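S.K.: Residues per chain are reported as follows:
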Amino acid sequence: MNVQFKKGVLELCVLVVLCRRDYYGYELVHTISENIDIAEGTIYPLLRRLTKEEYFTTYLRESEEGPSRKYYQITEKGQTYKEDLLLEWTHFVSSVNNLIQKEEVA
Amino acid sequence: MNKEQFLNQLKRSLSGVPETEKKDILYDYEEHFRSGMENGQKEEEIARSLGNPRVLGKSYHIESLLDESRGGRRAANVLRALFASLSLGFFNVIITVPVFAGLLAGLIGLWAGAVSLAVTGVAVILAVILQPLLPALITLGGLSIPFLIFASIGISALGLLSLIGMWKLSQWFFKIAGKYVQFNLRIIKKQEARA
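Protein chains in written order, with our numbering: chain Y, 1 to 106; chain E, 1001 to 1195.
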């Protein structure tokens, strides 16, 4: 799949995953890269931007292995944004599917 | 590539990003390497799946420039962001650079005018005061002293007014330039998103 297209969808994926619970960077990156094939590093600039835009907050928590980890938590603003994006996405996917089906029939 | 090489390359490609932010960014990747190794991954393996550190650095760069031109109106920031965005488009190179350079030159010219007005006002009053002391160096050109005093007050006031005016005009100019940069970056991002 096209790289830029994936990058756009990545934002939605990150928001959806973080709606479940708080994740730390590596864990979040892995959850996403298990499903989508992407350069894992690109998730960090995205996390940073979304945090700056106040969709996430971060906090540090000690891990069992030792050093602390930075956790990401979605804010209310982030949840609203996720709902909007999700709606847009569903609408987009169904439009594309519609088009494909029409073309196949024709 | 191992952890150190990856972090070094990333650090290098982040030159120009404010120091505190750079530290924050590098921390994220250090933690990523640490967590990966706790999970039994090798440094090289982690670096490979993270992707090219130079490309990653670039994406932070655009973000940080965008922030700067949005927040601080410091002329240096605006200029730097402007040049960064200029380097991104051919249209900008052939149209915007000459227009911007022309406007900037005009602005500098007006500043020079304002400064010389103010300096002239002060110089005239100094000439009146110093003439009796240095008759060999200064002549008043046959003009009366009251006339010169009033003229110097008038010219100084005019100079001061134009300096204030120029200050406002420059602020306004850099604000518009900043807006233009943001507008550019938005377009670039949209193109990226569409491509």
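Source of the hints: derived by calculation from the structure; they are not laboratory data. It cannot be assumed that every hint is accurate.
[Stated by the list, open to error] With a straight-line cut-off of 20 Å between C-alpha atoms, the simulated EDC-like cross-links for lysine to aspartate or glutamate are: (1) Y:K70 with E:D1024; (2) E:K1042 with Y:E27; (3) Y:K52 with E:E1021; (4) Y:K52 with E:E1038; (5) E:K1003 with Y:E27; (6) Y:K52 with E:E1019; (7) Y:K82 with Y:E104; (8) Y:K52 with E:D1024; (9) Y:K52 with E:D1028; (10) Y:K70 with E:E1038; (11) E:K1022 with Y:E53; (12) Y:K70 with E:E1030; (13) Y:K70 with E:E1021; (14) E:K1042 with Y:E53; (15) Y:K6 with E:E1030; (16) E:K1058 with Y:E11.
Please read all numbers here as calculations on a predicted model, not as lab measurements.
S.K.: Next, verify each hint and record whether it holds.
M.R.: Against the structure, the hints come out as follows:
Pair hint K70 (chain Y) plus D1024 (chain E) holds up; C-alpha atoms about 11 Å apart against a cutoff of 20 Å. Distance restraint check for K1042 (chain E) and E27 (chain Y): the Cα-Cα separation of roughly 16 Å lies within the 20 Å cut-off, and the hinted pair is therefore satisfied. With a C-alpha separation of about 12 Å, the suggested pair K52 (chain Y) and E1021 (chain E) falls inside the 20 Å cut-off, and the hint holds. For the hint linking K52 (chain Y) to E1038 (chain E), the alpha-carbon distance of about 29 Å lies beyond 20 Å, and the restraint is violated.
Proximity of K1003 (chain E) to E27 (chain Y) is assessed by CA-CA distance (about 18 Å); at most 20 Å being required, the pair is judged to hold. Between the alpha carbons of K52 (chain Y) and E1019 (chain E) the distance comes to roughly 17 Å, so the proposed pair stays at or under 20 Å and holds. Restraint check for K82 (chain Y) and E104 (chain Y): the C-alpha separation of about 33 Å exceeds 20 Å, so the hint is violated. A distance of roughly 13 Å separates the Cα atoms of K52 (chain Y) and D1024 (chain E); the hinted pair therefore holds under the 20 Å criterion.
Taken as a hint, the K52 (chain Y) and D1028 (chain E) pair is honoured in the structure, with Cα atoms around 15 Å apart against an allowance of 20 Å. Our distance criterion of 20 Å between C-alpha atoms is met by K70 (chain Y) and E1038 (chain E), whose separation comes to about 15 Å. Pair hint K1022 (chain E) plus E53 (chain Y) holds up; C-alpha atoms about 18 Å apart against a cutoff of 20 Å. Between K70 (chain Y) and E1030 (chain E) the CA atoms are separated by roughly 11 Å; this keeps the pair inside 20 Å, and the hint holds.
For the suggested pair K70 (chain Y) and E1021 (chain E), the alpha carbons sit about 15 Å apart, so the restraint of at most 20 Å is met. A threshold of 20 Å between alpha carbons decides the hint, and for K1042 (chain E) with E53 (chain Y) the separation of about 34 Å lies outside it, so the pair is violated. The hinted pair formed by K6 (chain Y) and E1030 (chain E) fails the criterion: a straight-line CA distance of about 25 Å is larger than 20 Å. Of the supplied pair hints, the one linking K1058 (chain E) and E11 (chain Y) holds, its CA atoms being roughly 18 Å apart against a limit of 20 Å.
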